[in-house]
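These protein sequences, in sequence, are chains A and B.
If you're matching positions, the first sequence starts at 1 in the UniProt record's numbering and goes up one per residue.
If you're matching positions, the second sequence starts at 1 in the UniProt record's numbering and goes up one per residue.
Bear in mind the hints are in silico, worked out from the structure with no lab data behind them.
This structure is a prediction, so every number in the text was calculated from the model and none was measured.
Be aware that a few hints might be false.
Sample of chain B residues lacking proximity to chain A, with all beta carbon distances greater than 10 angstroms (derived) [unchecked claim]:
| no. | residue |
| --- | --- |
| 1 | Asn3 |
| 2 | Ile5 |
| 3 | Thr28 |
| 4 | Asp69 |
| 5 | Lys72 |
| 6 | Lys119 |
| 7 | Ser139 |
| 8 | Gly141 |
| 9 | Gln195 |
| 10 | Asp205 |
| 11 | Ile216 |
| 12 | Asp300 |
Looking from chain A toward chain B, a few residues come up when the C-beta cut is under 10 angstroms (computed) [what the hints assert, rightly or not]:
| no. | residue |
| --- | --- |
| 13 | Thr16 |
| 14 | Leu23 |
| 15 | Lys24 |
| 16 | His31 |
Pulled a few chain B residues facing chain A out of the computed Cβ check, cut under 8 angstroms [to be verified]:
| no. | residue |
| --- | --- |
| 17 | Ser79 |
| 18 | Gly85 |
| 19 | Tyr87 |
| 20 | Glu98 |
Where is the CB? At the ideal position from N, CA and C, for every residue including glycine.
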Amino acid sequence: MEIKKNRISTIQNINTMAYRNLLKTLHNPDHLMDVLIQPVMFMILFGYLFGGAIAGGVHAYLPIIVPGILIQTILSAASGSGTQIKEDMETGIFDRFKTLPIAHIAPLAGQLLADILRLVLAIIASLTTGYLMGWRPNVAFGWIVVIILITVFTGWAISWIYAFIGLMAKSATMVESISLMTMLLLSFLSNAFIPINTLPKFLRIIANLNPMTHVITAIRQILATGTFSNTAWIVLISDLAIVLIFASLTVWAYNRQN
Amino acid sequence: MQNNIAINVEHLSKTFNNQKVVDDVSFTVKKGEVFGLLGPNGAGKTTILRMITTLLKPTTGNITIFDHDIKKDSKLARSTFGVTGQYAAVDEDITAKENLLIFSRLNGLSKKEAQIRTKELLKEFSLEKSADKSIKEFSGGMRRRLDLAISLITRPEIIFLDEPTTGLDPRTRTQMWDTIRNLVKHGSTVFLTTQYLEEADTLADRIAVIDHGKLIRIGTPDKLKHEIGESKMSLKIIKNIDILPAAKILQNALNSKPQIINNTITTRFKTTEQIIDGLSQLSTDKINVSNLTIQEPSLDDVFMALTIGKN
Ligand SMILES: Nc1ncnc2c1ncn2[C@@H]1O[C@H](COP(=O)(O)OP(=O)(O)OP(=O)(O)O)[C@@H](O)[C@H]1O
Ligand SMILES: [Mg+2]
Numbered sequence: 001m002e003i004k005k006n007r008i009s010t011i012q013n014i015n016t017m018a019y020r021n022l023l024k025t026l027h028n029p030d031h032l033m034d035v036l037i038q039p040v041m042f043m044i045l046f047g048y049l050f051g052g053a054i055a056g057g058v059h060a061y062l063p064i065i066v067p068g069i070l071i072q073t074i075l076s077a078a079s080g081s082g083t084q085i086k087e088d089m090e091t092g093i094f095d096r097f098k099t100l101p102i103a104h105i106a107p108l109a110g111q112l113l114a115d116i117l118r119l120v121l122a123i124i125a126s127l128t129t130g131y132l133m134g135w136r137p138n139v140a141f142g143w144i145v146v147i148i149l150i151t152v153f154t155g156w157a158i159s160w161i162y163a164f165i166g167l168m169a170k171s172a173t174m175v176e177s178i179s180l181m182t183m184l185l186l187s188f189l190s191n192a193f194i195p196i197n198t199l200p201k202f203l204r205i206i207a208n209l210n211p212m213t214h215v216i217t218a219i220r221q222i223l224a225t226g227t228f229s230n231t232a233w234i235v236l237i238s239d240l241a242i243v244l245i246f247a248s249l250t251v252w253a254y255n256r257q258n
Numbered sequence: 001m002q003n004n005i006a007i008n009v010e011h012l013s014k015t016f017n018n019q020k021v022v023d024d025v026s027f028t029v030k031k032g033e034v035f036g037l038l039g040p041n042g043a044g045k046t047t048i049l050r051m052i053t054t055l056l057k058p059t060t061g062n063i064t065i066f067d068h069d070i071k072k073d074s075k076l077a078r079s080t081f082g083v084t085g086q087y088a089a090v091d092e093d094i095t096a097k098e099n100l101l102i103f104s105r106l107n108g109l110s111k112k113e114a115q116i117r118t119k120e121l122l123k124e125f126s127l128e129k130s131a132d133k134s135i136k137e138f139s140g141g142m143r144r145r146l147d148l149a150i151s152l153i154t155r156p157e158i159i160f161l162d163e164p165t166t167g168l169d170p171r172t173r174t175q176m177w178d179t180i181r182n183l184v185k186h187g188s189t190v191f192l193t194t195q196y197l198e199e200a201d202t203l204a205d206r207i208a209v210i211d212h213g214k215l216i217r218i219g220t221p222d223k224l225k226h227e228i229g230e231s232k233m234s235l236k237i238i239k240n241i242d243i244l245p246a247a248k249i250l251q252n253a254l255n256s257k258p259q260i261i262n263n264t265i266t267t268r269f270k271t272t273e274q275i276i277d278g279l280s281q282l283s284t285d286k287i288n289v290s291n292l293t294i295q296e297p298s299l300d301d302v303f304m305a306l307t308i309g310k311n
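Make a model of the complete structure from these sequences and hints.
Written out as structure tokens, the structure reads:
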């Protein structure tokens with residue numbers, strides 16, 4: 001039998017790669033535990049621990065903390081992409097992909113496409129926990145869908161940054177520590193859990209420079225007013241810019257040969 | 001394609017951190033042959049293979065595969081070969097069958113073709129029973145087999161194998177050799193690296209010996225053996241007083257200094273005539289001998305003579 005070499009499109013190759021990553025998750029569902037358990041744990045812990053002190057009660061604290069936890073969760077879900085990519089490089093499977101007659105972006109894009117599932121699961125876990133604790137946003141359901149989409153897109157854009165870090169880092173362990181550190185810094189030095197004006201001046205400046213602060217603000221505005229604010233537009237445009245820049249950087253790093 | 005050259009490597013060099021790891025290596029691999037790259041640890045075998053298979057950029061030099069320049073037509077070049085690296089690169093978290101299906105799809109097979117080919121390969125490599133097992137449960141030999149099966153999905157014209165039998169037990173090694181011979185029978189060109197002389201000797205049509213990144217010698221195993229290795233004759237002298245006279249006769253006839261251990265004299269020789277000459281003189285002088293043995297040169301001699309290795 002002669003094997004025909006059909007010209008399979010890059011899109012199809014990306015789909016196959018995404019399928020590979022989904023299969024990996026199906027065989028090891030425990031890899032999803034972090035994105036599922038972390039938001040539930042933090043939401044309950046922070047909600048009951050700080051709710052009284054910061055907002056005078058859990059119920060009043062929920063509109064503040066739900067978007068905060070949401071963003072913290074997608075940061076950690078997104079950082080998983082970098083670890084995954086580094087692990088694949090260490091096993092040598094990426095070398096094999098490189099010798100295939102496929103576009104070099106396919107293995108990376110496939111990974112990132114499959115990671116959307118992680119993001120969506122992380123978001124659902126966060127919002128459901130909030131709901132069970134009594135969070136009832138005062139807007140039409142359509143706006144909830146809107147913030148889910150913004151959050152997924154933001155998380156996906158951040159995934160590309162971590163993918164780049166994954167390709168440049170020396171080891172998967174190093175990627176993991178970088179991920180944890182950036183996740184902690186970006187989520188705690190922001191308005192995720194506390195109103196920024198309670199911070200000392202120096203920290204207030206940092207928190208205002210932190211892009212996560214603006215993403216969280218955009219989500220809170222949408223949930224409070226049911227309108228698409230300017231901040232939300234800025235977030236979307238920044239996400240797009242991040243994807244464009246980091247997708248190119250990632251492909252460059254991937255192709256970079258010694 | 002009228003010429004019969006599969007791979008052409010010209011003045012290939014690679015420098016890592018100012019250290020020349022591959023140094024001006026040139027050779028050609030003919031279509032349908034098994035070409036072996038033989039060298040000690042750290043000689044640069046993997047580095048050469050990775051440069052040819054587009055995984056590593058040469059510092060200088062040109063490589064063509066079936067007339068495709070790997071720099072300009074890397075995608076075309078890549079579509080002609082399959083690679084099995086030094087360390088089995090299969091997807092650990094998914095099953096053998098899923099590995100084959102996914103790589104079939106990535107190689108451009110349709111869903112249906114992918115399924116057919118996967119079935120064929122699982123059978124060919126005796127992996128049917130383990131098809132749905134996770135690779136984590138595989139033995140080293142099974143991993144190697146799956147790894148090779150993946151490289152063969154498209155029946156590539158050239159197969160690159162980096163130390164295909166390192167870490168395999170003798171039976172699995174023989175099976176791997178049979179598989180490789182079978183590939184060649186079906187018209188594939190095989191490029192392999194090995195540290196095993198026996199492997200190079202039985203499998204390769206031509207061998208390139210490399211050490212410290214330099215190509216030292218290239219040729220058929222027989223040619224190398226006769227050029228570098230030497231044949232040896234040894235015999236036992238029955239009476240002790242005959243030992244020294246016999247050694248003298250052999251030294252003259254075989255034109256090489258004999259080694260004497262107890263009653264056994266060992267002498268290197270070049271031609272059969274020399275032996276006949278020496279033996280007949282011993283017979284004329286009535287020196288009785290026994291246990292005559294002739295040792296053909298081996299690739300071990302070649303390897304030892306040509307390479308120094310890292311340490
Ligand atoms: N990425 C790299 N960076 C720096 N040095 C490298 C790199 N890859 C290989 N080397 C060096 O190049 C030399 C040749 O390595 P190579 O892996 O090609 O040897 P080899 O012949 O395949 O050895 P082995 O039989 O042990 O597999 C070694 O000294 C090695 O340390
Ligand atoms: Mg090697």
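**Request:** Verify the interface restraint on Gly85(B): the C-beta must sit less than 8 angstroms from at least one C-beta of chain A.
**Result:** Holds: closest Cβ of chain A sits about 6 angstroms from Gly85(B), inside 8 angstroms.
**Item:** chain A versus Asp205(B) - minimum CB to CB distance exceeding 10 angstroms, so not interface
**Value:** Given that every Cβ of chain A is farther than 10 angstroms from that of Asp205(B), nearest at about 24 angstroms, it holds.
**Asked** Given Ser79(B) was flagged as interface, is its beta-carbon under 8 angstroms from a beta-carbon of chain A?
**Response** holds (4 angstroms)
**Message:** Please check whether the beta-carbon of Asn3(B) is more than 10 angstroms away from every beta-carbon in chain A.
**Reply:** holds (22 angstroms)
**Item:** Cβ separation check - Ile216(B) to all of chain A, threshold 10 angstroms
**Value:** At roughly 25 angstroms from the nearest Cβ of chain A, Ile216(B) sits farther out than 10 angstroms, so the non-interface label holds.
**Prompt:** Are all C-beta atoms of chain A more than 10 angstroms from that of Gly141(B)?
**Reply:** Non-interface label stands for Gly141(B): nearest chain A Cβ at 18 angstroms, farther than 10 angstroms.
**Asked** Hey, does the Glu98(B) contact hint survive, CB to chain A under 8 angstroms?
**Response** holds (6 angstroms)
**Hint check, His31(A) versus chain B [nearest Cβ-Cβ separation less than 10 angstroms]** = holds (9 angstroms)
**Prompt:** For Asp300(B), is the shortest beta carbon distance to chain A beyond 10 angstroms?
**Reply:** holds (31 angstroms)
**Prompt:** Would Lys119(B) pass as off the interface with chain A, using Cβ distances and a cut of 10 angstroms?
**Reply:** holds (12 angstroms)
**Item:** Status of Asp69(B), Cβ more than 10 angstroms from any chain A Cβ
**Value:** About 15 angstroms separates Asp69(B) from the closest Cβ of chain A, which puts it past 10 angstroms; holds.
**Prompt:** Can we trust that Ile5(B) is non-interface, i.e. its beta-carbon lies farther than 10 angstroms from all of chain A?
**Reply:** holds (21 angstroms)
Figure legend: structure checked against the earlier numbered hints; every hint is met.
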